[in-house]
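Undergrad: So the chains spell out like this:
Number of protein chains: 2
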Amino acid sequence: MKRYLLTPGPTPVPPEVLAAMGAPVVHHRSPDFRPVYERCLARLREVCRTESDVLLFASSGTGAFESAVVNLVSPGERHLVVSAGSFGERWIAMTSAYGAEVDRLEYAWGETPDPDDVRSRLAEREAKAVWVVQSETSTGVVADVQAMAAAAKEAGALVVVDAVSSLGAVPCETDAWGLDVVVSGSQKALMTPPGLGLASVSEAAAAACGSTPRFYFDWERTRKAQRALDAPFTPPVSLVAALDVALGILLDEGLEAAFDRHVRLGRAARAGVKAMGLELFSPDEDRSAVVTAVRAAEAAEIISGVRTRFGITLAGGQGDLKGKILRIGHIGWFDVFDITTALAAIEIVAADLGLDVERGVAVTAALEAYEHTQVA
Amino acid sequence: MKRYLLTPGPTPVPPEVLAAMGAPVVHHRSPDFRPVYERCLARLREVCRTESDVLLFASSGTGAFESAVVNLVSPGERHLVVSAGSFGERWIAMTSAYGAEVDRLEYAWGETPDPDDVRSRLAEREAKAVWVVQSETSTGVVADVQAMAAAAKEAGALVVVDAVSSLGAVPCETDAWGLDVVVSGSQKALMTPPGLGLASVSEAAAAACGSTPRFYFDWERTRKAQRALDAPFTPPVSLVAALDVALGILLDEGLEAAFDRHVRLGRAARAGVKAMGLELFSPDEDRSAVVTAVRAAEAAEIISGVRTRFGITLAGGQGDLKGKILRIGHIGWFDVFDITTALAAIEIVAADLGLDVERGVAVTAALEAYEHTQVA
Numbered sequence: 045m046k047r048y049l050l051t052p053g054p055t056p057v058p059p060e061v062l063a064a065m066g067a068p069v070v071h072h073r074s075p076d077f078r079p080v081y082e083r084c085l086a087r088l089r090e091v092c093r094t095e096s097d098v099l100l101f102a103s104s105g106t107g108a109f110e111s112a113v114v115n116l117v118s119p120g121e122r123h124l125v126v127s128a129g130s131f132g133e134r135w136i137a138m139t140s141a142y143g144a145e146v147d148r149l150e151y152a153w154g155e156t157p158d159p160d161d162v163r164s165r166l167a168e169r170e171a172k173a174v175w176v177v178q179s180e181t182s183t184g185v186v187a188d189v190q191a192m193a194a195a196a197k198e199a200g201a202l203v204v205v206d207a208v209s210s211l212g213a214v215p216c217e218t219d220a221w222g223l224d225v226v227v228s229g230s231q232k233a234l235m236t237p238p239g240l241g242l243a244s245v246s247e248a249a250a251a252a253c254g255s256t257p258r259f260y261f262d263w264e265r266t267r268k269a270q271r272a273l274d275a276p277f278t279p280p281v282s283l284v285a286a287l288d289v290a291l292g293i294l295l296d297e298g299l300e301a302a303f304d305r306h307v308r309l310g311r312a313a314r315a316g317v318k319a320m321g322l323e324l325f326s327p328d329e330d331r332s333a334v335v336t337a338v339r340a341a342e343a344a345e346i347i348s349g350v351r352t353r354f355g356i357t358l359a360g361g362q363g364d365l366k367g368k369i370l371r372i373g374h375i376g377w378f379d380v381f382d383i384t385t386a387l388a389a390i391e392i393v394a395a396d397l398g399l400d401v402e403r404g405v406a407v408t409a410a411l412e413a414y415e416h417t418q419v420a
Numbered sequence: 045m046k047r048y049l050l051t052p053g054p055t056p057v058p059p060e061v062l063a064a065m066g067a068p069v070v071h072h073r074s075p076d077f078r079p080v081y082e083r084c085l086a087r088l089r090e091v092c093r094t095e096s097d098v099l100l101f102a103s104s105g106t107g108a109f110e111s112a113v114v115n116l117v118s119p120g121e122r123h124l125v126v127s128a129g130s131f132g133e134r135w136i137a138m139t140s141a142y143g144a145e146v147d148r149l150e151y152a153w154g155e156t157p158d159p160d161d162v163r164s165r166l167a168e169r170e171a172k173a174v175w176v177v178q179s180e181t182s183t184g185v186v187a188d189v190q191a192m193a194a195a196a197k198e199a200g201a202l203v204v205v206d207a208v209s210s211l212g213a214v215p216c217e218t219d220a221w222g223l224d225v226v227v228s229g230s231q232k233a234l235m236t237p238p239g240l241g242l243a244s245v246s247e248a249a250a251a252a253c254g255s256t257p258r259f260y261f262d263w264e265r266t267r268k269a270q271r272a273l274d275a276p277f278t279p280p281v282s283l284v285a286a287l288d289v290a291l292g293i294l295l296d297e298g299l300e301a302a303f304d305r306h307v308r309l310g311r312a313a314r315a316g317v318k319a320m321g322l323e324l325f326s327p328d329e330d331r332s333a334v335v336t337a338v339r340a341a342e343a344a345e346i347i348s349g350v351r352t353r354f355g356i357t358l359a360g361g362q363g364d365l366k367g368k369i370l371r372i373g374h375i376g377w378f379d380v381f382d383i384t385t386a387l388a389a390i391e392i393v394a395a396d397l398g399l400d401v402e403r404g405v406a407v408t409a410a411l412e413a414y415e416h417t418q419v420a
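Protein sequences, first through last, are from chains H and R.
Adding 44 to a residue's 1-based position in the first sequence gives its number in the working numbering.
Adding 44 to a residue's 1-based position in the second sequence gives its number in the working numbering.
Bound-form chain H, shown alone:
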């Protein structure tokens, strides 16, 4: 059976990128690797829109996020963590584990953080850094990072952004918005298999490193090595080569074009879901361009049904949302026909499960929303 990976991470990987994954292994200190590494690091800076170093780690995105925590957090320091879902909760747990005095700005899962709340919380209590999630993959909410960063900057705080599922899909203007640290991973909009984490690190963040012991995720060690086109520890050469190819594809399309495509993919997914009469869980807004979450009491049965009958992998809910939502990812190597595939399969399975869905309209609605919309 033909398989479709339509989850928000790992995401489908283009064949050219898979070919790089399967190429013979080269030595990381040889001329076979260095030009690839140099180009990949340059492309990462371009995708992050920063002049700062983008540090690469052999790790998941969570590992790269841990690099921010162990470098920036000293025990007892106050940090403001904004949370509205699974990943926000993970960063609260992680900053707490490393001894930060964590000021939590918490929302119910599915709510959109309000930059004014960041501003007023910081007015009450200072924080060394504000930690925000750009795309909360667990709910489909994309937050206004630019506005939250502005609030943090006004208060003199550093800004750390979890852009794991958003980098390359929605705008993330690292330098223009004053984002001190932007963390991401290879396996989302960057169209590469999982195993590489990355963190852009501003000069201010590098200068603010704290006293928490660290070694593997130490920024200075990694930065020094990368500047000499080396790595402190054997890098995952196959993944770096694959990421380089994937970033080439992304930059050939152009970042603005990619952002535009993701907005339209989100519109298409939402239009289709609404047309067949299912209920959206993620916000019905353009910023929600990463993952579309659908509320359905039969979510687990639908996910299992599209998998068994059609070879399609969708994502379920996490935490309290388990069994209550299903999630269609649309980041990275996606076009509108991936959306129509997901919608058509959901429609058939939902109808067979006895849900009250309107037949024969979702695909057309999605195609029209994708085609006939202009992105501002």
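In case anyone wonders, no lab produced these hints; they're calculated from the structure.
Bear in mind that the values here come from a model prediction, so they are computed numbers and not experimental data.
It is possible that part of the hints are untrue.
Pairs involving identical chains hold if they fit within one copy or between any two copies, as the list cannot separate such chains.
As the list claims (entries may be wrong) - Quick list of in silico lysine to aspartate or glutamate cross-link-like pairs, DMTMM-like style, CA-CA up to 25 Å:
1. 368 to 76
2. 318 to 364
3. 368 to 133
4. 46 to 60
5. 366 to 76
6. 197 to 150
7. 197 to 219
8. 172 to 188
9. 366 to 274
10. 366 to 264
11. 318 to 342
12. 268 to 133
13. 368 to 274
14. 172 to 364
15. 268 to 364
16. 197 to 95
Model the placement of chain R on the given structure of chain H, informed by the hints.
TA: Frame of chain H, contents of chain R only:
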């Protein structure tokens, strides 16, 4: 030009393993991945010869080693670290970075640690754990881990083994020798690209976890997830699938047969080096089955020459040995013709550089040493 990767890591990867690397990405919580994951974890226990959990990390081998440090070291505790090369020094630096009171048992690079020194040092001063390197990749020395572990056990200390370049190449009897933690990586004798670290963790080690803050490399979090065939953070699915294939190849050959082959590869390499009149840096002994180091003032020129003329990548020296030795790796997907290729190329380049090498004998000596030796 045809390329030959003859370094002690990354090592050449069999085509079947590369094919797994290049296969479409699957979701880590789907039925596409779970059986592969389950089999890979079982094979890892078989290769480590342990009934304990073998924990997988998206990291280099150094990351997996850091997992041992952050889980076992509490600030101020005394730990004995045995060092005779680059990696021993790295573990001194790492355990020190995490606040251990490090008792160093240091040897000159190229010396072989003496288990009696471990015994007498522990008699002078207790240690919570003894940290040893099985194969010091920087020098070609393979230490007697079994005897060192016995000395540690007598003193009631835990034993942590860096088996990054040795696991799968030389015997490492985790349970039979009482090794509490065995750390390795995918990119050496396990014939897989870099990016996966692993650590077997005994019940005693799991029970001895300390107070150092940790999250990404926390053993308990990883163990709990793995026992449910999950992972705490998105695992590098392509690397896990590739490792599973590689471990299948290794176990089809049989561990004893693989150990035997590595002994004979080492003998072949040393016989050839000596036959052409070059000087061995690594010990001329069967245990030295991972990498053969050759002392030569012209090491850099030879390495550069075989690369330019023949597409062969060898390794140079690290630290103070830079420019003084060259290293031929022979771990993993190697047979005797990889050794003769390295020797023939070194011979030609060395002769052209004006070194006093005997021509036409190294290849034959290597083939005979490989063929006509019986491993005890």
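Undergrad: Look at each hint and say if it fits the structure.
TA: Each hint tested on the structure:
1. 368 to 76: between (49 Å within a copy, 23 Å between copies)
2. 318 to 364: Classified as within: same-chain Cα gap 24 Å, cross-chain 67 Å, threshold 25 Å.
3. 368 to 133: Intra 19 Å, inter 52 Å, cutoff 25 Å: intra-copy only.
4. 46 to 60: Both: 19 Å inside a chain and 22 Å across chains, each within 25 Å.
5. 366 to 76: between (46 Å within a copy, 20 Å between copies)
6. 197 to 150: within (20 Å within a copy, 49 Å between copies)
7. 197 to 219: within (13 Å within a copy, 55 Å between copies)
8. 172 to 188: within (20 Å within a copy, 49 Å between copies)
9. 366 to 274: between (43 Å within a copy, 16 Å between copies)
10. 366 to 264: between (40 Å within a copy, 23 Å between copies)
11. 318 to 342: Result: close within a single copy only, 16 Å intra versus 72 Å inter.
12. 268 to 133: Result: close only across copies, 19 Å inter versus 32 Å intra.
13. 368 to 274: between (47 Å within a copy, 21 Å between copies)
14. 172 to 364: Close neither inside one copy (31 Å) nor across copies (42 Å); limit 25 Å.
15. 268 to 364: Cα proximity of residue 268 and residue 364: across copies only (20 Å, versus 43 Å in one copy).
16. 197 to 95: Within one copy, since 19 Å is at most 25 Å while 53 Å is not.
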